[in-house]
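Residue numbers (full-length UniProt numbering), protein chains in the order written: chain Z, 1 to 402; chain G, 1 to 402; chain P, 1 to 402; chain B, 1 to 402.
The set of hints was computed from the structure by calculation and includes no laboratory data.
Among the hints, erroneous ones may be present.
A pair counts as met if it fits within one copy or between any two copies, since identical chains are not told apart.
Think about it this way: if two alpha-carbon atoms lie no more than 35 Å apart in a straight line, the pair counts; the simulated DSBU-like pairs of lysine-lysine are [claimed, not checked]:
1. K191 <-> K301
2. K139 <-> K268
3. K301 <-> K45
4. K325 <-> K45
5. K341 <-> K239
6. K296 <-> K239
7. K239 <-> K86
8. K242 <-> K139
9. K268 <-> K42
10. K239 <-> K329
11. K45 <-> K191
12. K329 <-> K45
13. K42 <-> K128
14. K191 <-> K139
15. K239 <-> K325
16. K42 <-> K52
17. K45 <-> K268
18. K86 <-> K104
19. K345 <-> K45
20. K223 <-> K104
21. K129 <-> K139
22. K226 <-> K129
23. K329 <-> K268
24. K139 <-> K239
25. K86 <-> K325
26. K325 <-> K128
27. K239 <-> K345
28. K86 <-> K42
There are 4 protein chains.
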Amino acid sequence: MDYYPAPGRNHLFVPGPTNVPEPILRAMNRSNEDHRSPAFPKLSKSVIEDVKQIFGTTAATSFIFPTTGTGAWESALTNVLSPGDKIISFLIGQFSLLWIDQMKRLNFDVDVIESDWGAGADLALLKKKLSADYAHSIKGVCIVHNETSTGVTNDLAAVRRILDGARHPALLLVDGVSSIGALDFQMDEWKVDVALTGSQKALSLPTGLGIVCASPRALEAAKTAKSLRVFFDWADYLKFYKLGSIWPYTPSSQMLYGLRASLDLILKEEGLHNVIARHHRLGEATRKAVHAWGLKLCTQKAEWNSDTVTAVVVPSHIDSGDIVKIAWKKYNLSLGVGLNKIAGKVFRIGHLGNLNELQLLGALAGVELALREVGYPVTLGSGVAAAQAHLQRATPLITSRI
Amino acid sequence: MDYYPAPGRNHLFVPGPTNVPEPILRAMNRSNEDHRSPAFPKLSKSVIEDVKQIFGTTAATSFIFPTTGTGAWESALTNVLSPGDKIISFLIGQFSLLWIDQMKRLNFDVDVIESDWGAGADLALLKKKLSADYAHSIKGVCIVHNETSTGVTNDLAAVRRILDGARHPALLLVDGVSSIGALDFQMDEWKVDVALTGSQKALSLPTGLGIVCASPRALEAAKTAKSLRVFFDWADYLKFYKLGSIWPYTPSSQMLYGLRASLDLILKEEGLHNVIARHHRLGEATRKAVHAWGLKLCTQKAEWNSDTVTAVVVPSHIDSGDIVKIAWKKYNLSLGVGLNKIAGKVFRIGHLGNLNELQLLGALAGVELALREVGYPVTLGSGVAAAQAHLQRATPLITSRI
Amino acid sequence: MDYYPAPGRNHLFVPGPTNVPEPILRAMNRSNEDHRSPAFPKLSKSVIEDVKQIFGTTAATSFIFPTTGTGAWESALTNVLSPGDKIISFLIGQFSLLWIDQMKRLNFDVDVIESDWGAGADLALLKKKLSADYAHSIKGVCIVHNETSTGVTNDLAAVRRILDGARHPALLLVDGVSSIGALDFQMDEWKVDVALTGSQKALSLPTGLGIVCASPRALEAAKTAKSLRVFFDWADYLKFYKLGSIWPYTPSSQMLYGLRASLDLILKEEGLHNVIARHHRLGEATRKAVHAWGLKLCTQKAEWNSDTVTAVVVPSHIDSGDIVKIAWKKYNLSLGVGLNKIAGKVFRIGHLGNLNELQLLGALAGVELALREVGYPVTLGSGVAAAQAHLQRATPLITSRI
Amino acid sequence: MDYYPAPGRNHLFVPGPTNVPEPILRAMNRSNEDHRSPAFPKLSKSVIEDVKQIFGTTAATSFIFPTTGTGAWESALTNVLSPGDKIISFLIGQFSLLWIDQMKRLNFDVDVIESDWGAGADLALLKKKLSADYAHSIKGVCIVHNETSTGVTNDLAAVRRILDGARHPALLLVDGVSSIGALDFQMDEWKVDVALTGSQKALSLPTGLGIVCASPRALEAAKTAKSLRVFFDWADYLKFYKLGSIWPYTPSSQMLYGLRASLDLILKEEGLHNVIARHHRLGEATRKAVHAWGLKLCTQKAEWNSDTVTAVVVPSHIDSGDIVKIAWKKYNLSLGVGLNKIAGKVFRIGHLGNLNELQLLGALAGVELALREVGYPVTLGSGVAAAQAHLQRATPLITSRI
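Generate coordinates for the entire structure from the input sequences, incorporating the hints supplied.
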C-alpha cells in the first residue's frame, strides 16, 4: 500500500535514508528467528567484526545498537564523558546543532565553535583553544565528519594533527553518519576515539542500526565515565561479547542479515576503495552540474566539498522548498529541503549509498526540470552534460563485467 | 546472488522484460497455496475479468495461459484455424518473422506480405488481396500491432476498415505483446478476433503469463477449427470456467497475485488512459532525443512510431552491438540489440511498463555516454535536453499528489 | 544465507521473537523512502493512533521508539520519574529482575517485592506498603504484566484496586512486552499510567520498535520529571507531533509499514477480541499438554497462568537445556531455555503472535519427541491429544471462512 | 491481500503446489533482468545442468519449459512420437487418466492398461503385450511414476526389466511430476527415455516450469517424430543451446533464480540422498498414522506406497470432501480432495517438498480433529503418536547442526 502512488521508481535523492538495493531486500525478506540459537552468534560476530572495515579500524570495538544515529550520538557521549565535562564541538549546520543540543541536555559543558552554515569547522580556533588548555580541562572534541545539512566535510586528519600538535589528550568523537562507508574514514590512523554511523545512509539499509566504534582509549574512558546510561551502555555489550551471546537485549535478525548483505556488497563485491571512488565521482559530477546551472554550492570552499550530499543555494527570489515540492509532485524525485536557518535557501541532492551514474544523471535532469518549474532559467541538459563529461572520464568499467 | 554485480540499480531499457515495481514484487512475495481452495476462484475471476480492460473489450473471453508470448501465439492460431487454412501475415521485423515461422510450422498456408524492416504493414496490398478474394478463401489476417524489433506500430483501425471495406469475413488475429497495456488498444471497436500479450511487457510482471482474448466470433470459430491443440486449447478453459474452478491445470498463484497488483496499478492507481498518455510522452521524448543526437529512427514514417520501443539506426561504421555492450559494462544500462538482418545496425530503447520520466532521462544520458564510447560524436546532454523540453510540457502532476 | 540450514520451516516457539506472517513480510519488502515527504505523516499518524487499541486506551498518547523493549523500559521510567524517587517493583523472574536492575542503575530508590520465580506479584504486600505510605513518598509502582521467564501473568485490575483502595497517587508503570496485543489489556480502565511493548512479540514484527503509551497523568508527570533523557524523551516526540512531522529522528519506514500490516491483521482481519481468545485457547491447550505429560508448570497457581508463554518444570535429573538443544538439532524446533536461577530447570514454550492451532500441535508433538530424547518417559501423543481435545471444543470456525 | 485470511500459517498438505521455503522466496524477490545479457547464460546453464541430478541422469538433455506439468506431458509426447503411433499407457488414477486423454487428443493409438484406482500399473499385462509385439509396433510405454490421486508409486526398474526382457525397443516415457526430486529416480539406470516434472512439487517452487529430460535415444527419435509441435519443440531449445543464448523465447528469470536456490537446497544443503530419505520417513509416518486411525490407504499394496502423497479411504457414510472443507475452515489445513471416481471417498495428504517432521505432525493432528468434526470416532493423538514413534527412530540429527 502506498499513500501517494506514482508510476515508476521513486528517485530517492535525499541524503539518507538511501536506496535499499535488491540483494539487501532479499537478505531481509525473512521471518524472525531465535536469537539464542547457535546460529545467531555466527551471524552477529561476522558483522561486528567486518563492520569495522568501513570505519578504517582494526583496533576499535564495535557496538551495533538497535537505534538511530541520534541514539548512537547518545551512546558515544555518555560512555566516555561525565556530566560537567568540558567538550569542544563545532556548530556548522543542523546536524551538528542537534548533536550540540544533545550534549547540552546531557549536561556537558560545551564550548561551541560556530561557523557559517556552509563553512567547515574552524580548526584554527580549535588549535588555539587546545593550546591554551594547559590544564587539559577539555575532555573531548566532538565533530561531525560530514554535515548533512550543508554538504560540508571536515578534515579529520587535520583535527588529529592539531590534537597531536597540542599534545592534548582530549578524546576525539566523530559523527560519521553521512560519511562512514562512503567517504574515506581512517579511525585508527586519525586516532578517532569514538566514531558512529547509522544504517540508513552509506550502508543502504533501513533505519534501525546505530553503529558505534570505540578505540581502546575510549573503552578505557568508559570505565570511569559517570554519565548515566543503561540502554546505550557499552559495558552490557562487552559483558555479552565475553559470554558469546553478544546481545544484551533482542536484536533484529532482519537488520543483521541486511547488514551482512550490505557489507558483502561494499567489501566483497565492489570493494571499499571503489565505493569511495564512486562517491567521489558522483559528488564531482553533481558539483559540475550545479556550476553549469549557474548556481552556487552552500559549501563555501572546495576543501569542504562533500561527496555524499550537495547543498545548492537558490537565488533569493526562489523558495528552495518549492523545488523540492514540485520535484516530488511531478517527477517522483525526492530531494532534501533546506533545514533551519537555510530553509528555503538551499535544497540538497543526496548521492550516497548504493547508487550509480545513470541514477544520478536522471536525478540531475529532474532537478533541471524542477528548477524550470519554479522559474529559474536553467538551460535544460546543461547540468547533465557537465556531469556526463566528468563521468565519462572518471567512470571505470564495472569490475565484474570487464 | 548476482552473476555480474554492479552498484546501484540496473537500468532496464530493453523492450521487455520490463521493470517489476515494488507493489508487484510485494504481491508476489508469498508461498504457494491450494488452487482448489475457495479463495482461488475469487482471485482468478477478478483477474480474468479485469484484464479485459487493457484489451479494450467487454465482449471477449480472456484466457490466462502459464506460458510466454510464443505460447500465446500458438494458442491464438490453433484455436481458430485449421491446417491448410490460407492466412495473410505481415513480415516487418523479427517478431512478425518468428510468428510467421510458427504459422508455417503449424501448417497454415501463409501469404506473407513483406515490408522493409522499419516500415509498417503494407495495408494497400492487404486491401488488394482481400478485394480479390471473392471466394473468401482467406481465413485469417495476422498482424503484429507493435513490432518490437523495429519500433513500428501498425494501424489496426485501418486494418479493420480494409476488412470491412472488402466485406471480408477473415478473422483478425493480433499480436499485442509489446502494445497491450501500453498503447491504445480497442479490441471491440476494431473487431479484433484474437488478441494476445505477455506478462513481462506492459504489465511489468515476470515472464510466465500468455494472455489471450477471444471475440465471440473467435470462440465460434474455435468450435470447428481443426488444428491440434491440447495444452493451449481454449475448450478446456471454457469447461473449467463453467465448473467455477477456472483452471484446467495448476496455475501460478504468485503470478496471479502479481497480475492483480499490476491491474490495480494500471486501472485503479494510474488509470489506463494516463498509462497510455505516459507511454506516448516517453516515446515522444525518446524520439526527440534520437533526433537531437543526429541519428535516425529505424521506423521509416512517423505514423508508425512506437510508443513502447525506439529502434535507433547507427552510422554504418559503428556496430550497434558495441553500444549495447559498453552501456552494460560501464553504466549498468541494458539496451536492446538489433536482431537478425538489422543486427549491428540498430539498437533499441524500450520504454514500456512501469517507468517514469527521470528513469528515461537517466537512460538517455547513458545512451549518450555509450555513443561517445564507440566514437560517435554526440553532444553530451543534447538528447536529454530535447527529451526534457518535451517532458516539461507534456508531463502532468502525479495524480495522487496534486 | 542460513548458518544452520534445515529442511522445512523453523518451528519458532520461543516467547518472542515470534513468527512474522507473510502479509507483514510483504508490507516490509520495500526500499527506503523520504520520511519528510507528505506520504510519511499519513502512515505515521495512522499507526500512532491505531496502536492504542491494543493497549486498550483512547486517552493515552503513544510513542513509537526505534528501539527494543529495554529501551521502552528506559523511556517509561525516565520520562515520569526523578532520580531518588521511591518506587515499588516486583521481582518475579528474569525480566522483572532486568527491569529492576535498570531502575537501580537509573538511580531510583527501588523497593523490591520479591516472590518465588513462578509466583505472581505479592499484591498483599503492595497493599500493606501503599497503605502505610501516608506521605505518598512512593512515586511509582512498576510491574511486569506477563513475566516471560516463568509464564506468570499478574492481575493488573487488582493492582489498580489496591492503589485506589489506598487512595495512593503513585504512577502505575506496566511492562506489557509479552502481553499487549495478545492478552486482555485495559490501559484506560486499569488507569495504567505508562504501558509499553515491543514489536517482536504479539505484533509479530521484527525487533525494532519499542512502543510506549502514556496516560494524561503520565504526560503531566513528564513535565517535571528530572531524570535525564534525550533519545527517549517524550517531549521531542510531542514537539514533532505538533509540527505534524511526527519524528524527532529518522524512523524505519519498513517497520512502520509492517506495523500498519500487523495492526490490520489484528484489528481488522481477526479482531482484537478474537486474537485474545485465540491466545487463551492456545495457552490452555499447552497447559493441558503439560499436565498430560506428567510435568508441572513453573507457574504456581492457575490465576497466574500465562496465555503467551508456558514455562515447564522438568524432573531434577534432567537438564532442560538439553531438551531445547535436541529440539533444535533434530526437529528444527526453537524452545525457550530457562533463564538465570531456573536455568536447566525449566524450558519455555512461547505461544504468542500470529500462530494457530496446528502450528502449536506440531510443536507439542516436537516437545514430546525431545522429552523422549532426554530420557523422560512421556507417552507419545499424550500431550497432543490433551491439547487437541481442548482445541476441538474451543476453536471457532475461521471468521472469513464461515 | 488475502481473500480468506486466517491467523498463523496455512498448513499446505495438498500433494502440490508445495510450501515455498524462505530461501527460494528470497531468491525470487527480484525485478526482471535482460535475458540477453551475459549474466543470463551463466544462470541458465547452471540450472540446466544441475537439474539433471534429481532425474538421476548425466546422459540426458534437460529442457526447462515455461509451462506446467501438462505442458511437459505434451512436450514429452510430441517430440518423440508421431500421430498414429501405438503406445501403451496405464490408467491407475486421475493424472494417468488426464495424460491418456492428452495422448488420445494428440492422435496416438493408445492401448490403455487399466487398474483399480489404488493399484499400480499392471506390469504382468505389459509384459504379455510387449512379448506378443514381435513387430515392435508399440512405439512407446507411458507411465506415471507416482499417481498423485491415489498415492501409488510404480516400480520403474521393473518396467525396464520387462522392456529389456522382451528386448523391446519401445521408448519409455515417465511422468515424474510428483516423484522426481522426492523419490529415488534413476533415469540412466532405468533407461527412461523421457522423464518430466513440474516446479511446484518436490522442487518447492511456484508453478511455472515444466522440466523435461530426454535420453540420447529420445533425442534421436525426436529427429523423425512427426507430431506437430512448436512451443514445445526440443529442436528450438537445442538450436539455442548451441548458440549459447539457451532460450528460444523469454524465460522467467525469477523462476530460474528460484530453481537455482531449490537445487542448492536439495543438492548442496540437504543432499539428494537425505531428501529422499526424509520423504520416505514422512511417508511412513503418515501411513502409520492412517493405520492408527483405523482407516485404510487407497493404495492397495505396500509395494505401491507413495512417499509423497497418501490417499486415505474414509468410511462409506462419510464424505471425504467434508473433511477437506472443515480442515480448511477451522484449522487452516489444506488437504487434497478425492478426484473423479474416488471423489468423496478419499482425501489426500501431500507430504512432499521442503517439509519437516513437526510440520507433518501438526497436519496429522489437524486431520484427527477434522475426522472428529465429521463424526469419525478417531482417538485424538493416536495417529500423531504412531507417526511420532516412527519419526523418533527414523529421524537423524539435522546435518548442519550435528
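Structure-based check of each hint:
no., hint, in the structure
1, K191 <-> K301, "within (26 Å within a copy, 58 Å between copies)"
2, K139 <-> K268, "neither (38 Å within a copy, 55 Å between copies)"
3, K301 <-> K45, "neither (41 Å within a copy, 41 Å between copies)"
4, K325 <-> K45, "between (43 Å within a copy, 21 Å between copies)"
5, K341 <-> K239, "between (44 Å within a copy, 18 Å between copies)"
6, K296 <-> K239, "between (51 Å within a copy, 33 Å between copies)"
7, K239 <-> K86, "both (29 Å within a copy, 29 Å between copies)"
8, K242 <-> K139, "within (29 Å within a copy, 37 Å between copies)"
9, K268 <-> K42, "both (18 Å within a copy, 20 Å between copies)"
10, K239 <-> K329, "between (50 Å within a copy, 27 Å between copies)"
11, K45 <-> K191, "within (24 Å within a copy, 44 Å between copies)"
12, K329 <-> K45, "between (44 Å within a copy, 21 Å between copies)"
13, K42 <-> K128, "neither (48 Å within a copy, 50 Å between copies)"
14, K191 <-> K139, "within (15 Å within a copy, 46 Å between copies)"
15, K239 <-> K325, "between (49 Å within a copy, 23 Å between copies)"
16, K42 <-> K52, "both (16 Å within a copy, 34 Å between copies)"
17, K45 <-> K268, "both (17 Å within a copy, 25 Å between copies)"
18, K86 <-> K104, "both (11 Å within a copy, 27 Å between copies)"
19, K345 <-> K45, "between (45 Å within a copy, 29 Å between copies)"
20, K223 <-> K104, "both (22 Å within a copy, 18 Å between copies)"
21, K129 <-> K139, "within (12 Å within a copy, 45 Å between copies)"
22, K226 <-> K129, "both (25 Å within a copy, 33 Å between copies)"
23, K329 <-> K268, "between (38 Å within a copy, 19 Å between copies)"
24, K139 <-> K239, "both (26 Å within a copy, 32 Å between copies)"
25, K86 <-> K325, "neither (42 Å within a copy, 51 Å between copies)"
26, K325 <-> K128, "neither (44 Å within a copy, 57 Å between copies)"
27, K239 <-> K345, "between (48 Å within a copy, 24 Å between copies)"
28, K86 <-> K42, "neither (41 Å within a copy, 42 Å between copies)"
When the structure is compared with the earlier hints, violations turn up for hints 2, 3, 13, 25, 26 and 28 and for no others.
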